[in-house]
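For reference, the chains in residue letters:
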Amino acid sequence: MKEKIFLKKKFKEYYSTLNVGEIKISGLKNREFGFVMFEESGMIRHKAFDNINKLIEFLREYSPAHAYYSSAYYENPSVENMNEKKWIGADLIFDVDVDRIPTPCKDKHDKWICLDCGNTGKGTEPKACNICESKRIESKKLVCQKCLEIAKTEIAKLVDDFLLNDFGFKLRDMEIVFSGHRGYHVHVFSKDVLTLDQNARREIIDYVRGRGIDVYFLFGGCLNNEIINYGPSIDEPGWLGRWSRGLYDYITSIKGNMKEKVKIPEKLSSLLAKNMDKIIESYLKNNKPLLSPLALSLKSRNLKLFAEKIAEEYGVKIDEQVTLDVKRLIRIPNTLHGKTGLKAAIVKYDLLDSFNPLTDAVIFKNGKITIKVHESPEICMLSREFGPYKNQIVDLPIYVAVYLIGQQSAELF
Amino acid sequence: MSKTYKYQSNVIVNISLLARYPFLNEARRYVSMFNIDINDLSKPEHNEILQEAIREIYEAIGEADGRSCTDDYIKLMAFPVTLAILSYIGSKPLINKYAIKKAKEIEEALRYENDEVLCYVANNGFNWVIKSEGKSIFTMSFKDYLTASAMFNDQPWKLINQILINGLVFLSRSKLIRLMAVEVQKKIMEIEIKKEEPPESIKDIVLKMKEKIGKIVFEHYNYLGISESASTDFFPPCILSIYNDLTSGKPVSHAARFILTTFLVNIGLDIDAIINIFQRVPDYDPVKTRYQVEHIAGKRGGKTKYTTPKCENIKTVGLCLGNCGVKHPLNMYMRKVRQKHERKDFSEKKV
Numbered sequence: 001m002k003e004k005i006f007l008k009k010k011f012k013e014y015y016s017t018l019n020v021g022e023i024k025i026s027g028l029k030n031r032e033f034g035f036v037m038f039e040e041s042g043m044i045r046h047k048a049f050d051n052i053n054k055l056i057e058f059l060r061e062y063s064p065a066h067a068y069y070s071s072a073y074y075e076n077p078s079v080e081n082m083n084e085k086k087w088i089g090a091d092l093i094f095d096v097d098v099d100r101i102p103t104p105c106k107d108k109h110d111k112w113i114c115l116d117c118g119n120t121g122k123g124t125e126p127k128a129c130n131i132c133e134s135k136r137i138e139s140k141k142l143v144c145q146k147c148l149e150i151a152k153t154e155i156a157k158l159v160d161d162f163l164l165n166d167f168g169f170k171l172r173d174m175e176i177v178f179s180g181h182r183g184y185h186v187h188v189f190s191k192d193v194l195t196l197d198q199n200a201r202r203e204i205i206d207y208v209r210g211r212g213i214d215v216y217f218l219f220g221g222c223l224n225n226e227i228i229n230y231g232p233s234i235d236e237p238g239w240l241g242r243w244s245r246g247l248y249d250y251i252t253s254i255k256g257n258m259k260e261k262v263k264i265p266e267k268l269s270s271l272l273a274k275n276m277d278k279i280i281e282s283y284l285k286n287n288k289p290l291l292s293p294l295a296l297s298l299k300s301r302n303l304k305l306f307a308e309k310i311a312e313e314y315g316v317k318i319d320e321q322v323t324l325d326v327k328r329l330i331r332i333p334n335t336l337h338g339k340t341g342l343k344a345a346i347v348k349y350d351l352l353d354s355f356n357p358l359t360d361a362v363i364f365k366n367g368k369i370t371i372k373v374h375e376s377p378e379i380c381m382l383s384r385e386f387g388p389y390k391n392q393i394v395d396l397p398i399y400v401a402v403y404l405i406g407q408q409s410a411e412l413f
Numbered sequence: 414m415s416k417t418y419k420y421q422s423n424v425i426v427n428i429s430l431l432a433r434y435p436f437l438n439e440a441r442r443y444v445s446m447f448n449i450d451i452n453d454l455s456k457p458e459h460n461e462i463l464q465e466a467i468r469e470i471y472e473a474i475g476e477a478d479g480r481s482c483t484d485d486y487i488k489l490m491a492f493p494v495t496l497a498i499l500s501y502i503g504s505k506p507l508i509n510k511y512a513i514k515k516a517k518e519i520e521e522a523l524r525y526e527n528d529e530v531l532c533y534v535a536n537n538g539f540n541w542v543i544k545s546e547g548k549s550i551f552t553m554s555f556k557d558y559l560t561a562s563a564m565f566n567d568q569p570w571k572l573i574n575q576i577l578i579n580g581l582v583f584l585s586r587s588k589l590i591r592l593m594a595v596e597v598q599k600k601i602m603e604i605e606i607k608k609e610e611p612p613e614s615i616k617d618i619v620l621k622m623k624e625k626i627g628k629i630v631f632e633h634y635n636y637l638g639i640s641e642s643a644s645t646d647f648f649p650p651c652i653l654s655i656y657n658d659l660t661s662g663k664p665v666s667h668a669a670r671f672i673l674t675t676f677l678v679n680i681g682l683d684i685d686a687i688i689n690i691f692q693r694v695p696d697y698d699p700v701k702t703r704y705q706v707e708h709i710a711g712k713r714g715g716k717t718k719y720t721t722p723k724c725e726n727i728k729t730v731g732l733c734l735g736n737c738g739v740k741h742p743l744n745m746y747m748r749k750v751r752q753k754h755e756r757k758d759f760s761e762k763k764v
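Keeping their order, the protein sequence lines are chains A and B. Residue numbers are given in the working numbering: position 201 of the first sequence equals residue 201, and the series is strictly consecutive. Position in the second sequence counted from 1, then plus 413, gives you the working numbering.
It should be emphasised that the hints constitute simulated quantities derived from the structure, not laboratory data. One or more of the hints may lead you astray.
Stated by the list, open to error - Quick list of in silico lysine to aspartate or glutamate cross-link-like pairs, EDC-like style, CA-CA up to 20 Å:
#1 B/Lys-548 <-> A/Glu-236
#2 B/Lys-571 <-> A/Glu-266
#3 B/Lys-571 <-> A/Glu-313
Stated by the list, open to error - Computed, partial: chain B to chain A, Cβ under 10 Å:
#4 Ile-573
#5 Pro-650
#6 Ser-654
What the hints assert, rightly or not - Footprint (simulated), chain B over chain A, 3 or more residues, beta carbon under 8 Å:
#7 162–168
#8 189–201
#9 208–214
#10 231–245
None of the values given here were measured: they were computed from a predicted structure. The beta carbon of each residue, even a glycine, is placed where N, CA and C say it ideally should be.
Could you build all of it, start to finish, from the sequences and the hints given here?
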């Protein structure tokens with residue numbers, strides 16, 4: 001409990017010195033707000049504020065562990081009955097979280113424990129325990145710089161290739177936000193997306209994920225009696241070019257004996273290996289892949305499968321539920337994350353490349369405190385390395401202490 | 414929020430164009446200038462309009478006598494009257510039939526228009542932001558595209574299978590025309606049903622049509638190949654229960670709909686008759702329904718006609734209602750039909 005009080009005190013410090021201008025919320029009056037407090041479990045929902053000052057006042061007074069607003073705008077945001085809230089529209093939200101992306105370093109820093117039988121494992125938690133099949137699994141995940149870099153690459157791809165180029169959104173209609181934990185959010189505020197229903201959002205998700213691509217669209221044919229010579233050129237717009245570039249990348253990666261990115265049937269991979277040089281040559285000559293050897297020897301069903309796999313690999317691995325949900329509560333940009341003490345910082349597009357959450361989203365830079373760390377792998381914050389620790393009493397900067405306590409890896413001494 | 418584009422510079426907006434596309438905002442504006450009250454339709458000077466409106470409805474159910482009107486003014490003025498009559502009759506299946514007929518007609522007409530006219534109609538009729546890029550290629554904002562294509566379930570219509578650049582979806586002429594036709598269909602299907610008594614001027618036709626609709630539903634039973642309305646007597650309990658839920662507008666699961674459709678397909682109901690049954694569900698979607706029914710009937714995709722799941726599988730999904738002593742719902746149906754006919758033979762012999 002004293003840990004919670006400590007965290008709350010720290011959060012209060014942050015919110016009381018926070019500049020009112022730091023939190024900007026469009027359509028604030030029509031949004032629902034939700035908070036998770038340090039001292040109680042469960043979420044306080046259906047709050048509404050008339051203006052930003054009232055919200056800041058609230059943050060200062062209660063200093064919640066987590067602060068959310070709805071992606072949706074309502075006529076009556078504070079009414080509890082969802083139907084009576086009267087939905088007006090919703091921002092389009094994308095969430096890229098390393099949880100959903102397999103990264104090589106997860107086995108090093110993530111672990112899980114089965115709450116029923118005590119079985120433990122490393123890496124991403126399974127859906128059910130492999131011993132007792134229980135689904136009550138608790139996981140502990142580190143905020144890792146390498147993982148975050150991968151999430152950032154995905155976000156950059158999402159913003160540059162999809163949102164700016166294909167969908168034509170403007171930077172001024174977009175906010176890229178570090179989630180405060182293990183990923184990034186992109187909020188799109190354009191009026192073009194406001195009233196889109198779930199069906200329409202599902203289409204956007206499939207587009208971004210690369211799902212449901214049609215061979216007919218890619219090659220102009222897929223049936224055995226239609227002759228396919230070439231695939232689309234790498235400089236064609238939208239998915240045509242993206243798919244073609246994906247295939248090139250794929251083929252050169254298997255040529256370089258890199259780990260296969262896409263799992264494909266053996267027959268197909270041997271066929272690819274056999275024709276690899278011809279395909280690469282046609283890329284170099286015509287900017288497009290020669291596909292006739294594949295099309296001639298493959299059943300159309302396998303060709304289709306292959307095309308789909310390539311597309312899915314080169315889409316962005318967003319969390320679909322977040323984008324689909326038109327009534328989602330999402331972390332308010334520039335508030336703090338209760339599990340890390342990191343700021344859900346808005347990242348300027350121009351600075352995305354150099355943004356490092358473990359430096360740029362770190363708060364509580366002054367002071368030190370002694371804590372007892374139960375267990376922690378090595379972490380790196382503000383370019384300094386800490387740990388690994390195991391049952392140790394250490395004197396640490398406040399920001400590390402807040403982080404470890406937030407992660408429940410440490411207690412006050 | 415409609416954007417006003419000056420398509421007019423290239424498009425001659427005359428009464429003939431408005432009569433072809435009476436759902437245009439411009440058409441509505443034109444009609445409203447004449448300020449004809451629905452109560453005045455019985456006046457002799459408006460008789461032609463009323464008759465044309467009625468003829469349109471008869472045509473939708475395949476019973477029109479006489480040829481379509483050639484007077485643009487009458488045709489144009491009749492459109493809102495048709496919609497008004499339909500809304501007082503209040504039959505969703507009838508509205509849907511009319512919507513489909515009108516959409517077909519408009520799709521046909523659009524094929525003969527030049528690119529500028531297509532843009533004009535799409536913009537003025539549906540507020541779509543649309544542009545001709547030349548060579549029969551059009552661009553449409555992705556937002557409009559997503560809304561317009563929502564009824565299309567097949568892969569070629571998915572957003573990922575369109576060229577999308579800078580927020581604009583590139584469309585061929587034929588795709589655009591298809592989207593427009595379906596939009597007309599949607600618009601008509603969305604007309605509000607009026608609960609109150611119809612005005613005197615159209616009361617006769619409304620009542621006559623209401624009676625007729627009852628008969629049409631009756632005739633659909635006849636498709637079952639047995640000339641009596643109680644042919645559902647032969648349905649096994651599970652199928653009958655799904656059928657009753659569906660026709661009374663209760664929510665019916667996807668599995669149940671699948672079972673019912675396979676059953677109806679296999680006892681020889683034709684596709685239109687099956688679609689007609691589905692017209693009564695609240696979330697009825699003509700395009701999707703047709704696609705799915707045709708798929709099950711083996712008219713699409715893999716071309717396999719699906720058979721009804723056996724009792725065991727119906728049990729698994731929790732839709733079995735009891736022990737009928739058969740292993741397959743179709744067996745039960747066949748048995749009942751046979752019994753009935755044997756009984757009939759027997760009684761005939763007796764006489």
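Here is what the structure says about each hint:
{"no.": "1", "hint": "B/Lys-548 <-> A/Glu-236", "in the structure": "19 Å, holds"}
{"no.": "2", "hint": "B/Lys-571 <-> A/Glu-266", "in the structure": "30 Å, violated"}
{"no.": "3", "hint": "B/Lys-571 <-> A/Glu-313", "in the structure": "18 Å, holds"}
{"no.": "4", "hint": "Ile-573", "in the structure": "5 Å, holds"}
{"no.": "5", "hint": "Pro-650", "in the structure": "35 Å, violated"}
{"no.": "6", "hint": "Ser-654", "in the structure": "30 Å, violated"}
{"no.": "7", "hint": "162–168", "in the structure": "holds (count 4)"}
{"no.": "8", "hint": "189–201", "in the structure": "holds (count 6)"}
{"no.": "9", "hint": "208–214", "in the structure": "holds (count 5)"}
{"no.": "10", "hint": "231–245", "in the structure": "holds (count 4)"}
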